[in-house]
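Asks: Read off the chains here:
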Amino acid sequence: MSRIMGLTGDGAVAYAVKQCKVDVVAAYPITPQTLIVEEFSEYVHNGEVHTEFICVESEHSAMSACVGASLTGARVFTATASQGLALMHEILYIASSLRCPIVMGVVNRALSAPINIHCDHSDMMGSRDCGWIQIFVENAQEAYDWVIQAFRIAEDPDVLLPVTVNLDGFILSHSLEGVEVLDDADVEKFVSTRKPVFTIDPDKPITVGPICFTDFFFETKRQHVEAMNNSPKTISKVNDEFAELTGRRYGFIDTYEMDDAEAAIICLGSTAGSAMAVAKKLRDEGKRVGVIKPWVYRPFPAEQIIDACKDLKALAVLDRACSIGAPYGPLCNDVTAALYKENVRLNVFNVIYGLGGRDITPFDIEAIFNETLEVAKTGLIKKPIKFVGVRE
Amino acid sequence: MSEESKPGWRSIPIAGIILEPGSAMKYKTGDWRAFRPVIDEEKCTYCLLCWIYCPDGAIIREEKTVRVNYDYCKGCGICANECPAKAITMVEEKK
Amino acid sequence: MATLRDLSTEELFTSGHRLCAGCGAGIIARMTMKALRGPTIVVNATGCLEVASTIYPYTAWKVSWVHIAFENAAAVASGIEAAYKAMMKRNAWGKKVDIIAFAGDGGTFDIGIQALSGALERGHDFLYICYDNEAYMNTGIQRSGATPHGAATTTSPAGTKIPGKPEFKKDLIGICAAHGIEYAATASPAYWNDYITKVRKALEVDGPAVIHVFSPCPVGMRFDSSKSIEVARLAVQTRYWPVYEVENGRYKLNIKVPKPKPVSEFLKVQGRFKHLFQPKFKHVIDEIQRYVDENWERITKLCGEA
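Protein chains in written order, with the numbering used here: chain A, 1 to 392; chain B, 1 to 95; chain C, 1 to 306.
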C-alpha cells in the first residue's frame with residue numbers, strides 16, 4: 001500500500017530516513033539541506049523514531065561521528081551541502097575506505113567564493129573521487145525512492161560502501177511535490193536491519209584504522225576499487241526488488257526518446273526533467289532528439305550510456321560544475337573518456353550552465369538541442385565548451 | 001618478508017582492519033636495546049615500580065620476583081632509574 | 001586501589017609496539033588499561049600513540065580500537081556512544097560499553113579542540129585522555145598550544161633573538177571544566193596510583209570526563225630515556241604540573257607540594273630548555289617561575305587551599 005504526501009525534496013529525504021529506522025543521524029545544518037535536519041528533529045522530539053540524533057558542531061564532526069557509529073554495526077545517515085561537504089572531505093575518504101555503509105543526502109549547492117546558497121553540482125563534483133557510490137535525482141519522488149534503495153545498496157556485504165543521494169538545492173529541496181510514499185511496514189521489510197560484516201564489538205576486539213605503509217596500503221585501495229566494481233550487480237538487484245514493490249523502475253540511467261535519436265542531451269538532476277519536456281516539444285516538431293539522465297554517477301555507467309548513444313550523431317553534455325583547467329566539465333570528462341575507452345567516435349560538446357543557481361530556461365535547452373542537431377548534421381563542433389546563461 | 005611473499009589484496013581482511021588482538025607481540029623490539037637491565041634478585045624488594053613504569057610491558061611479574069622480557073625490552077633504563085632498592089643495573093649489550 | 005600487587009597482570013596494551021624507548025605515552029596507555037571496568041573501545045587520534053601501536057598488520061591493542069583522523073577523536077567517540085544507545089533502544093545491543101579517547105596535545109589543544117568542545121557540550125558518556133608531551137612530537141617536535149613558554153621546538157627554535165616559544169600554555173582543564181562536565185583532572189604518570197584511580201573514577205562518571213596527563217618524551221623534550229618518570233615527577237614537585245581534579249565544578253588538589261623545588265630543576269634536565277641557561281636568556285626562566293607561581297596560586301585558590 002502507498003499514499004501520496006505533499007513533500008519537499010528535503011522532506012522526502014527526511015521521511016525516507018525515518019522509515020528506514022536509522023540508528024544514528026549526525027548532522028549539521030546548512031542551507032539548503034536545513035529542512036532535512038529540521039524535519040528529522042521533529043521526528044526525534046515527538047518520539048516517532050528511536051534514532052540518536054547528534055547535533056554536532058560541524059560537518060567534519062558529523063562525518064566523523066557517522067564513521068564511529070557505523071563501525072558499531074548501526075545504521076547511519078547524514079546530510080549536507082556545499083561547504084559542509086567540503087569540510088567533510090577528509091573523512092569522506094576514510095568512511096569509504098573503512099567500508100562504512102553510511103547514507104548521505106547531499107543537497108547540491110555552489111562552493112564559495114563568492115558565497116552563494118543556490119544550486120550547482122560543484123560540491124559533489126569536488127568530492128567525486130571519494131570512493132562513495134553517488135546518485136543524482138530529478139525530483140522529490142526519486143529522492144525518496146533512492147534514499148530507501150541506498151541503504152540496501154550500501155549495506156550489502158558485496159558492496160559495503162557509503163552512498164550519497166544528490167538533489168538540487170532549492171529547485172528540489174524546497175519545492176513541494178506529491179510524493180508516493182510506502183507504508184512503514186513495507187519500507188521496514190524492504191530495507192530490513194543492517195547485518196554488519198565486521199564491527200568494533202568490544203567482546204571481539206579488532207583494530208580499525210591502523211597505519212599501513214608501502215607494504216599494504218595499495219592492497220586496501222585495490223579492495224576498495226573492487227567493491228565499487230562489484231556494486232552494479234547489487235544496484236541492479238535492489239532496483240529490481242524496488243520495482244516489484246513500487247512499480248517504479250530505476251536503473252543506472254534514465255532515457256527519453258533515445259531509440260532513434262540523432263542528437264541528445266545528457267545531464268544530471270532536475271535539469272533532465274526540463275530537457276525531457278523540451279525534447280517532447282521538439283519531437284512534436286519532428287526533430288529526433290533524446291535525453292540521457294544518469295541516476296548513478298559513481299560507479300560511472302559507461303556501458304549504459306554508450307548503449308544509449310549507439311545510433312546517436314551528436315551529444316551535448318551539460319555540466320552544472322566546472323573542472324577548471326581540465327579538458328571539459330566533470331561529467332563531460334567522464335563521458336568522453338568512456339566513449340574513447342570503448343572506441344566509440346561521437347561528436348560531443350560540453351555545456352557549462354547554471355552555476356550558483358543561475359536558471360536554465362527551456363529556451364536555453366531548445367537552443368542547445370538545435371545546436372546539437374546542427375552538429376549531428378554537419379559533424380562540425382564550433383565550440384567544444386559553451387557557457388550557457390553567463391553574461392559576456 | 002619480500003613484497004612477493006606478502007598476501008595480496010584478495011587474501012587480506014577488508015578495510016585494513018587487524019583481526020588478531022595484540023598481534024604486536026609478534027614484533028620483537030628487544031634488538032633496539034643498547035643497554036640491558038639486569039636485576040639483582042638479592043636486592044629486589046618486589047615493590048613492582050619497575051613493572052608499572054615500564055613503557056613496554058617488558059617486566060614480568062613472577063610469584064616473588066620480577067624478570068625482564070628481553071624480547072621486548074628497549075633498554076630505556078626507566079626501571080633502573082626508578083628502582084628504590086638500586087637492584088637494577090644497565091649493562092652494555094655486546095654486539 | 002591499595003598496592004601494585006592488586007593490579008592485573010593482563011596487558012591489554014601489549015609489548016611489541018614501536019613507541020620510542022622510555023616513551024611516556026606507552027606508560028600511560030598501559031596504566032590506563034589497568035583501570036578498565038568492562039567492555040571498552042579505545043578511539044585514538046592521529047599521533048605518536050596511534051602510529052606506533054598499530055603498524056599494520058600488528059596491533060598492540062587487545063581492546064577494540066579505532067583511529068579515524070587527527071582532529072576528531074571526540075566526534076568519533078560521540079558517534080560510537082550514540083550508536084550503542086540507539087541499538088540498545090531496539091534491543092540489538094545489551095551491555096554498557098566504556099569509550100576512551102586518547103589524543104595528544106596537538107589533537108586536543110589545537111586541531112581537535114572544536115570536536116572536543118562539541119562532544120563535552122553534548123554530554124556524551126566517554127572518557128577523553130589527553131597525553132600531553134607538549135609539542136607535535138610525532139611529526140618532529142613542532143610547537144603546539146600546549147608547548148610551554150621558552151621551550152625550543154622545530155617551529156619555535158632557540159634563536160638568537162627569540163629564545164623558544166614566546167607564548168604560554170593553554171589551560172586545558174579550565175576550558176573543559178567550563179563546559180560544566182562532571183569530571184576533569186590532571187595527572188602525572190609518576191604518581192601511578194593517582195592516575196589509575198582517576199581513570200577508574202572518570203569511567204564511572206555518567207557523561208563526559210577529561211584527564212590531562214603529562215607525558216614525558218625523551219626525544220622531544222630531550223632527556224635520557226631513563227629519566228621519563230623522574231621528569232614527570234619533577235614536573236609535579238616544582239609545581240609546574242599541579243595535580244588536581246574538578247568534580248562538578250569543585251576543585252580539589254590531589255598532590256600537595258608544600259616545599260616546591262625551583263622550576264629550574266625541571267628545566268635543566270631537558271634539552272628543550274638548555275638555551276635558557278645562557279646569561280642573556282636568564283630572564284625567561286624567571287618568567288617561567290613567575291608563571292608557575294601564579295598558576296599554582298590560582299589553582300590552589302580554586303581548590304580552597306590558599
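Wrong hints could be hidden among the right ones.
What the hints assert, rightly or not - Label pairs and their calculated CB-CB ranges:
id	chain 1	residue 1	chain 2	residue 2	range
1	C	T139	A	K237	55 to 61 angstroms
2	A	I211	C	E204	41 to 47 angstroms
3	A	F218	C	T139	20 to 26 angstroms
4	A	L176	C	G123	49 to 55 angstroms
5	C	K301	B	K94	21 to 27 angstroms
6	C	K96	A	I211	42 to 48 angstroms
Stated by the list, open to error - No more than 27 angstroms apart at the CA atoms, straight line, and that leaves these computed lysine-lysine pairs for DSS-like:
id	chain 1	residue 1	chain 2	residue 2
7	B	K64	A	K221
8	A	K21	C	K95
9	A	K281	A	K195
These are computed hints drawn from the structure, not numbers from a lab.
Quick reminder that beta carbons are idealized off the backbone N, C-alpha and C, glycines included.
Asks: Are the hints correct? Go through all of them and say.
Replies: Tested hints:
| no. | hint | verdict |
| --- | --- | --- |
| 1 | T139(C) x K237(A): 55 to 61 angstroms | violated (46 angstroms) |
| 2 | I211(A) x E204(C): 41 to 47 angstroms | violated (33 angstroms) |
| 3 | F218(A) x T139(C): 20 to 26 angstroms | holds (24 angstroms) |
| 4 | L176(A) x G123(C): 49 to 55 angstroms | violated (37 angstroms) |
| 5 | K301(C) x K94(B): 21 to 27 angstroms | violated (56 angstroms) |
| 6 | K96(C) x I211(A): 42 to 48 angstroms | violated (30 angstroms) |
| 7 | K64(B) x K221(A) | violated (51 angstroms) |
| 8 | K21(A) x K95(C) | holds (21 angstroms) |
| 9 | K281(A) x K195(A) | violated (48 angstroms) |
Hint check: violations occur at hints 1, 2, 4, 5, 6, 7 and 9; the rest are consistent with the structure.
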